[in-house]
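Based on the provided sequences and hints, a complete structural model is requested.
Number of protein chains: 2
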Amino acid sequence: MTQTFKKTIKAFRSTFLDFVADPFYVPEAECVRYIPDGLLILEDGKVKELGAYDQLQDKYADIPVTAYPGRLIMPGFIDTHIHFPQTEMIAAYGEQLLEWLSKYVFPAERKFKDKAYAKEVATVFLDELLKNGTTTALVFAAVFPESVDAFFEEADRRNLRMIAGKVMMDRNAPSFILDTAESSYQDTKKLIEKWHKKGRLLYAVTPRFAPTSSNQQLQLAEKLLQEYPDVYLHTHISENLNEVAWVKELFSECNGYLDVYDQAGLVKERSVFAHGIHLTDQEFQRLSETKAAIAFCPTSNLFLGSGLFKIEQAKSAEHPVKVGLGTDIGAGTSFSILQTANEAYKVAQLRQQKLSPFKALFLATLGGAKALCLDNIIGNFDVGKEADFVVLDLRSTPLMAFRNPDAIPKSLEELADRTFSLIIMGDDRAVQATYIMGELASSQQSG
Amino acid sequence: MTQTFKKTIKAFRSTFLDFVADPFYVPEAECVRYIPDGLLILEDGKVKELGAYDQLQDKYADIPVTAYPGRLIMPGFIDTHIHFPQTEMIAAYGEQLLEWLSKYVFPAERKFKDKAYAKEVATVFLDELLKNGTTTALVFAAVFPESVDAFFEEADRRNLRMIAGKVMMDRNAPSFILDTAESSYQDTKKLIEKWHKKGRLLYAVTPRFAPTSSNQQLQLAEKLLQEYPDVYLHTHISENLNEVAWVKELFSECNGYLDVYDQAGLVKERSVFAHGIHLTDQEFQRLSETKAAIAFCPTSNLFLGSGLFKIEQAKSAEHPVKVGLGTDIGAGTSFSILQTANEAYKVAQLRQQKLSPFKALFLATLGGAKALCLDNIIGNFDVGKEADFVVLDLRSTPLMAFRNPDAIPKSLEELADRTFSLIIMGDDRAVQATYIMGELASSQQSG
Chain A
1 MTQTFKKTIK AFRSTFLDFV ADPFYVPEAE CVRYIPDGLL ILEDGKVKEL
51 GAYDQLQDKY ADIPVTAYPG RLIMPGFIDT HIHFPQTEMI AAYGEQLLEW
101 LSKYVFPAER KFKDKAYAKE VATVFLDELL KNGTTTALVF AAVFPESVDA
151 FFEEADRRNL RMIAGKVMMD RNAPSFILDT AESSYQDTKK LIEKWHKKGR
201 LLYAVTPRFA PTSSNQQLQL AEKLLQEYPD VYLHTHISEN LNEVAWVKEL
251 FSECNGYLDV YDQAGLVKER SVFAHGIHLT DQEFQRLSET KAAIAFCPTS
301 NLFLGSGLFK IEQAKSAEHP VKVGLGTDIG AGTSFSILQT ANEAYKVAQL
351 RQQKLSPFKA LFLATLGGAK ALCLDNIIGN FDVGKEADFV VLDLRSTPLM
401 AFRNPDAIPK SLEELADRTF SLIIMGDDRA VQATYIMGEL ASSQQSG
Chain B
1001 MTQTFKKTIK AFRSTFLDFV ADPFYVPEAE CVRYIPDGLL ILEDGKVKEL
1051 GAYDQLQDKY ADIPVTAYPG RLIMPGFIDT HIHFPQTEMI AAYGEQLLEW
1101 LSKYVFPAER KFKDKAYAKE VATVFLDELL KNGTTTALVF AAVFPESVDA
1151 FFEEADRRNL RMIAGKVMMD RNAPSFILDT AESSYQDTKK LIEKWHKKGR
1201 LLYAVTPRFA PTSSNQQLQL AEKLLQEYPD VYLHTHISEN LNEVAWVKEL
1251 FSECNGYLDV YDQAGLVKER SVFAHGIHLT DQEFQRLSET KAAIAFCPTS
1301 NLFLGSGLFK IEQAKSAEHP VKVGLGTDIG AGTSFSILQT ANEAYKVAQL
1351 RQQKLSPFKA LFLATLGGAK ALCLDNIIGN FDVGKEADFV VLDLRSTPLM
1401 AFRNPDAIPK SLEELADRTF SLIIMGDDRA VQATYIMGEL ASSQQSG
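Top line first, the protein sequences correspond to chains A and B.
Going by the numbering used here, the first residue of the first sequence is number 1, and it counts up by one from there.
Going by the numbering used here, the first residue of the second sequence is number 1001, and it counts up by one from there.
To be clear, the hints were calculated from the coordinates, so they are not data collected in a lab.
Treat the hints with caution; some may be incorrect.
Stated by the list, open to error - With a straight-line cut-off of 25 Å between C-alpha atoms, the simulated DSS-like cross-links for lysine-lysine are:
no.: 1; chain 1: B; residue 1: 1410; chain 2: A; residue 2: 103
no.: 2; chain 1: B; residue 1: 1103; chain 2: A; residue 2: 410
no.: 3; chain 1: A; residue 1: 111; chain 2: B; residue 2: 1410
no.: 4; chain 1: B; residue 1: 1111; chain 2: A; residue 2: 103
no.: 5; chain 1: B; residue 1: 1103; chain 2: A; residue 2: 354
no.: 6; chain 1: A; residue 1: 410; chain 2: B; residue 2: 1111
Dropping the structure here:
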């Protein structure tokens, strides 16, 4: 046997939970794959097999096993909307969207022309993501190409499945943070050539939002999507009522906010729109038809007082829209997808809706992967998928230990109860370890 | 000098922040007492003096100093509404108020007839409060006198300034959790005699809420307030729209929810009403006139989907109502008053209001003390007050350390920014130590 054919095989024994279908449309019991005592076999960082320990142990008797007794292993969390240059400005006081951008965001992002600074922040940012169990994110960089290089260099070094892009914005903001339609096109093109599909990295064409892009810039964004059909489109939509009114003023020729992007040819599969709080029925339908996705960012939507996202409308049976969860750091208040799910539950409650723990955890994993059109390679433990996963501790604080006397749920009902407590009470401390392609990337002392 | 005259003197050096007036009515700069390098002198557990270190150091040169460099010392947090028997049922899924009570609360509280069990939970509960920096709370026990004994015994052992009471409920709930009007009167009377003013403990007459008390029971509650004029009245009001409608049905002779309590003579100074989300303008006015207080419980109000409290109306200049923050465990989702303030900010934002960090921290300390009519003995560092305080770390996580490079704010503006980040990003980890009457009661490794 030559070296060429040598594969790296790894085995993990623990309790496993992932999703195999969408619980918004399929009965929950059919969506949940729960293995109380399971064995996960990886080959070269990808899933080779997952099953009950007693059924697989003989087959893999030669492989050393990493065991996490009393823990729950899930696919890595997916954050479908976040801004890495805003890491330093979490908790900026007292404003709603448009004023908050001018007062806090633009001055903070200005610093990201300095690549060394951008690298430093990218390091903190990626450490926080991994510590919180987030293994894939769709990321806004800043307007400066240096910020994208810094981010991708750090993500690549960690072998992460990350999607990011340079912000495009050529108007309605201070000149120190503007590009031009032409420069944004050229810079983005170079960045796509440099980074898209390098290792696990992917590129997103990233106009900030309609008010800060000219029609020409939006059209050039579309040209990039034509030239590179498998890159993403990542932007914001209908977050705040003043923003929506402003867009109507700026684009009076369009029939609403989504239509601005639609007329430019930017609404399609692989397009991800953050927020969508004030979307109309027609806009939800159009997103459904085009297979575009929405990033639901509850901690941000509450922090900026933007409003309450209509999850049940987005996930309706008639016009289903792909939805993922987003922390939206720095308007969001936590890097934790668990805490994000906590506030998603609260937003649903305020709207007299119920977001079950399985639905929330689906959004955090396979649902996020679907929103990012990555469900063929991440999002659950199907054979062949990239093995990014988290080791969770349902008893990570004294209070959670008191709430959950038994570490391992014995039924689906118990599992729902325990994972709900994980969402409502858990934070980064509940994430004992994070693995990337089967390699330990982050860990903490056991709780 | 005889032993009798020997006083215990202690000294603490750190940065100090407390409030000397209400920032909802007085310019913030006049309300904040901020001492970047201060010395706090205690005598027998009470404040003897607080001032700048360089001005006091000679005077107290003989006293050993406990120093917390790079930390912020504030008065202990005050939780104006919480249920100790619900500690175990935080994160109970999927219901709004009335169904949540039947499905989760009543079965959980039933167990508190067993005093040993109640003691065990009281221990966990008080440990959590102290770990989170809460030094005084207004607490619902269960319907069983045993639960009150258990709670007060544990609180007394820790020398805590706590207020609690036996739940009174004689209808509209399962029989296993009901008392009768007469038994509730007799049991409460005995408990008041036994516990009110024992050490630092105080008693609250505690009808659960109008729907579960007969008129007779409410009248006997009022009789107790007459017989013991310095005990408290603690109940719920106008939390949920179905609840409000039910009260109107049950008490059709009354002019709204507050009027039910008012006709029974229960609306007065030392009366604390939890929630008050759906109060009318007239009811706010009546609370103002009577000097009754409201406990604002945002994590609970969001978790149960109850609605958004109108803080600006409660704190209006025309009809000011006393307001404190409440975690409302177990409908609330965190023991942390910091996280409670985080969600209070979000509730305000959704209502297009701004809750400044100083206003929020005022509510958490002196405001809470005023709501509980305890501002003569706790709530800030005025001379003679009981020295319950917390040692806070503005850099308690890697992310907070990144957000706040300097531990000690140099101006009031910086202080506002840093304390806002404490509210939005902080949790129990930000509470490095909690002192009760000058004695260390809880501490953790420095972050």
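Each hint, compared with the structure:
1. B:1410 / A:103: Holds - the C-alpha atoms of residue 103 of chain A and residue 1410 of chain B are around 21 Å apart, at most 25 Å.
2. B:1103 / A:410: Satisfied, since the Cα-Cα distance of roughly 21 Å is no more than 25 Å.
3. A:111 / B:1410: 23 Å, holds
4. B:1111 / A:103: Given pair residue 1111 of chain B, residue 103 of chain A is violated - Cα atoms ~53 Å apart, limit 25 Å.
5. B:1103 / A:354: Holds. Residue 1103 of chain B to residue 354 of chain A sits at ~16 Å (cutoff 25 Å).
6. A:410 / B:1111: 23 Å, holds
Violation of the numbered hints given earlier is confined to hint 4; every other hint is satisfied by the structure.
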